[in-house]
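Engineer: Okay, here's what each chain looks like letter by letter:
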Amino acid sequence: MRTGNSVQKSLEFLKNTFQTYYASNKVKLPERFGRREFAFVLFGGKGMVRHLGFDKSELLQEFLSERGAQHAYYSSAYYQYPTAPKMVEKNWLGAELIFDLDSDHLPNAEQMGYVESLLAVKKEFIKLIDDFLLGDFGFKEKYMELYFSGGRGYHCHVKDPAILDLDSNERREIVDYITGRDLQDSLIFHEQATGRKRYGGHSFTSGKSLKMPTPDQDGWKGRISRGIIDLVYEIKKSDNPQKRLEEYGVSVRDAERLVAELSEERMRRIQDGMLDQSKTIRKFFLNSALRKTAVALTAGETDEPVTCDVKRLIRLPSSLHGKTGLKVVKINIDELKEFNPLRDAVVLPEDPVRIALQKSVNIQMNNQHFHLENSDQEVPSYLAVFLIGRKQAILL
Amino acid sequence: MRELTILAKYPFLQDTRQFIKENGPSIDELLYNPPYERARIIGIERLDNALKHRDVGSRSLASESDCIMEILSYPLARMVAVCIGDPYFKKRYALGEASHMYKQLLNESTSFLLSIAKELDVTVQYNTEKNTIKIFFKNYLRNAPTRYKEWKIVNRGIRNGFLSVSHKDLARILLESLRKRINKELVTRKCDSNVYDLFSSDIKRFQYTLATQQKKMEATPVGKISVEKLPPCMTEVLAAIQSGENVPHMGRFSLVAFLSSLKLSTAEILKLFSTAPDYQEDKTKYQVEHITGASSSTEYKCPGCEKMRTYGICPVDKMDDLCKKIRHPLSYYNNKWKQEKQKP
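These protein sequence lines map, in sequence, to chains A and B. So in this note's numbering the end of the first sequence lands on 396, straight run, no missing numbers. So in this note's numbering the end of the second sequence lands on 1344, straight run, no missing numbers.
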């Protein structure tokens, strides 16, 4: 039986651990911090404490170590009066461009475990950073800051002075580009006549062939083209191409036909931009290539893109995430591929703590393997916080 | 310094301003001296044309005097526009000047087009060998009509922050840039009492026309809410809420803001939500009052179609012909009323 008392004790433990951490570890303040709104969720507190401002870093440090905030946020926007209680009175001056990728947004996030879903979200994040932000939009590395969110995703803050005053419609247009929304297939594929015939004095086109862009073209044209070529190779190379196609949602009949037609010669033609395929297959190619190359920023249903919101609160860099005890760490672009949250964001102490597990846990954290049965266990503090925060354990 | 005809065709240029400063009359001379009567007449003509035809219009620029009158009519038109005072009129006049520039730019050389871009602070790159124009994405975002699908960045090429555009595209982008610039300038200026006195009969005439237009707009029917006239997006959200499905926050928000714009009271809105299985009156009431502005400082507006699509609330497969014509769910509803009125 778990009593209310042990739940209370668990909460106290998290709070104490956070307070101790903040007492001896500095939180790095965002630029223009005097113009930012700060907000916190306190342990055991109801709702969010908002509209706070700090003009000195010591004051923020003091707040964090005294109150032991469970979650700490700041506004991506900067205001003339950041502590005004009403949004209109704050007088918005500008805001960084924020991308928030969370594993919730992935189509099949529910079936994945914590580590697996973070890997999947990182793949999306790398695509966002490399292909879109650095490549297409040409943002300079010095203006981009990448963070592990401490929870289930990654954040990118773009601080290019050119974009600080973009309004929410302009930001939405960037999001639409990155997610491939409203991509028109007539711009990607077009029909080309392969020959002409003459009847009497008139000339008619005879025979049509479907053309697609070549891989080196700018923007989505090249991206879709590269996506299709990858896809064709992936299907061709798989053990059972037809089954693979059916998994992609192509009908049995179309899959049969497509596989039969995928000769070496045909593959070469596709690389040169000749698709010569039926309408259904063209649709399949566009949709699959789009899904493959776009960034999953939204699940399309329940979550709004953070990016469009110019007055958003975002997790404070170098603070702790209240549900994991992991640090919101900054990641260098060249270290992103190797980044491992359960190693690189672990900052809480090793001191052993006794906890009761609800079910068995198998996890690698801070370079150690933990195989824990669902019974009472002694584990390092960082793991205890992680498991308690995620409601998989309570303090004994 | 550019040629006089160029200055007359593009009176917003820095060079034109410089020309007036160096060679033009004083403000008193411009307002009262008989030789400038023609400039004053053209100034009013610019405003009339802008209001009626969205274009300040072209006049003969055959002689030097033609050009000078044209040049001087521009600051006069602006001063009068400021005195008319109506924000809609200022926008309309700014559009008139900008559309006029657009039409002329279509026939100019690429190098001239690029010089105008520079003057309007639009960053462009020109490749002389390939004859391609590229524009910085920020200037594009700010000025391109991205509400149209073919203008969305997704349907264009972008690399390293620059998008390829045609001559015509760039002219269109400059139109918007000039429109915004002129409008911003007009909004910040104050009316000069001498200008007001001199042009008072014209100013009153414009104000009267605007007032009559305004009345016509307000006469559109709203009436009691009719479920059959709701756009597909709102029908979907409402049906989902009433059947107890989990509707995303943005969907609920849009519906409340939409209904509130139709002058439904908080109590009436709550009634629609009350059939939902997870209905909690106090919580819903708080949220509804927040959106309608009863308990917050802002009265939120229902998002437009484009925003609805981005948030995934627009049921694209259920769009009907009317949807394709409008850009805001409220226009759909108003349109349906109008259709019904027209029926015999």
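Rather than coming from a laboratory, the hints here were simulated on the basis of the structure. Hints may contain errors.
Stated by the list, open to error - When the alpha-carbon atoms are kept at most 35 Å apart in a straight line, the in silico DSBU-like pairs for lysine-lysine are as follows:
hint, chain 1, residue 1, chain 2, residue 2
1, B, K1271, A, K221
2, B, K1271, A, K159
3, B, K1168, A, K86
4, A, K15, A, K197
5, A, K221, B, K1283
6, B, K1130, A, K86
7, A, K311, B, K1271
8, A, K142, A, K197
9, A, K197, A, K159
10, A, K15, A, K140
11, B, K1283, A, K46
12, B, K1138, A, K292
Engineer: Given the hint that K142/A pairs with K197/A, test it: the Cα-Cα distance must not exceed 35 Å.
Structural biologist: violated, 59 Å
Engineer: Straight-line Cα separation of K15/A and K140/A no greater than 35 Å?
Structural biologist: Measuring from Cα to Cα gives roughly 39 Å; hence the hint is violated.
Engineer: Quickly compare the C-alpha distance for K221/A and K1283/B to 35 Å and report which way the hint goes.
Structural biologist: violated, 47 Å
Engineer: What's the verdict on K1130/B and K86/A, does the C-alpha distance respect the 35 Å limit or exceed it?
Structural biologist: Roughly 53 Å separates the two Cα atoms, so the pair is violated.
Engineer: Can the restraint linking K1271/B and K221/A be considered satisfied, given a maximum Cα separation of 35 Å?
Structural biologist: Violated, at about 49 Å.
Engineer: Would you check the hint for K15/A and K197/A, treating anything up to 35 Å between C-alpha atoms as holding?
Structural biologist: violated, 82 Å
Engineer: Take a quick look at whether K197/A and K159/A sit within 35 Å of each other, Cα to Cα.
Structural biologist: Answer violated: K197/A to K159/A is near 59 Å, above 35 Å.
Engineer: Verify the proposed pairing of K1168/B with K86/A, using a straight-line Cα cut of 35 Å.
Structural biologist: violated, 44 Å
Engineer: Can the restraint linking K1138/B and K292/A be considered satisfied, given a maximum Cα separation of 35 Å?
Structural biologist: Judged against 35 Å, a Cα distance of about 27 Å means the pair holds.
Engineer: Does K1271/B sit within 35 Å of K311/A, going by the straight-line distance between their CA atoms?
Structural biologist: holds, 32 Å
Engineer: Can the restraint linking K1271/B and K159/A be considered satisfied, given a maximum Cα separation of 35 Å?
Structural biologist: violated, 46 Å
Engineer: Straight-line Cα separation of K1283/B and K46/A no greater than 35 Å?
Structural biologist: holds, 15 Å
Hint compliance for this structure: hints 1, 2, 3, 4, 5, 6, 8, 9, 10 are broken, all remaining hints hold.
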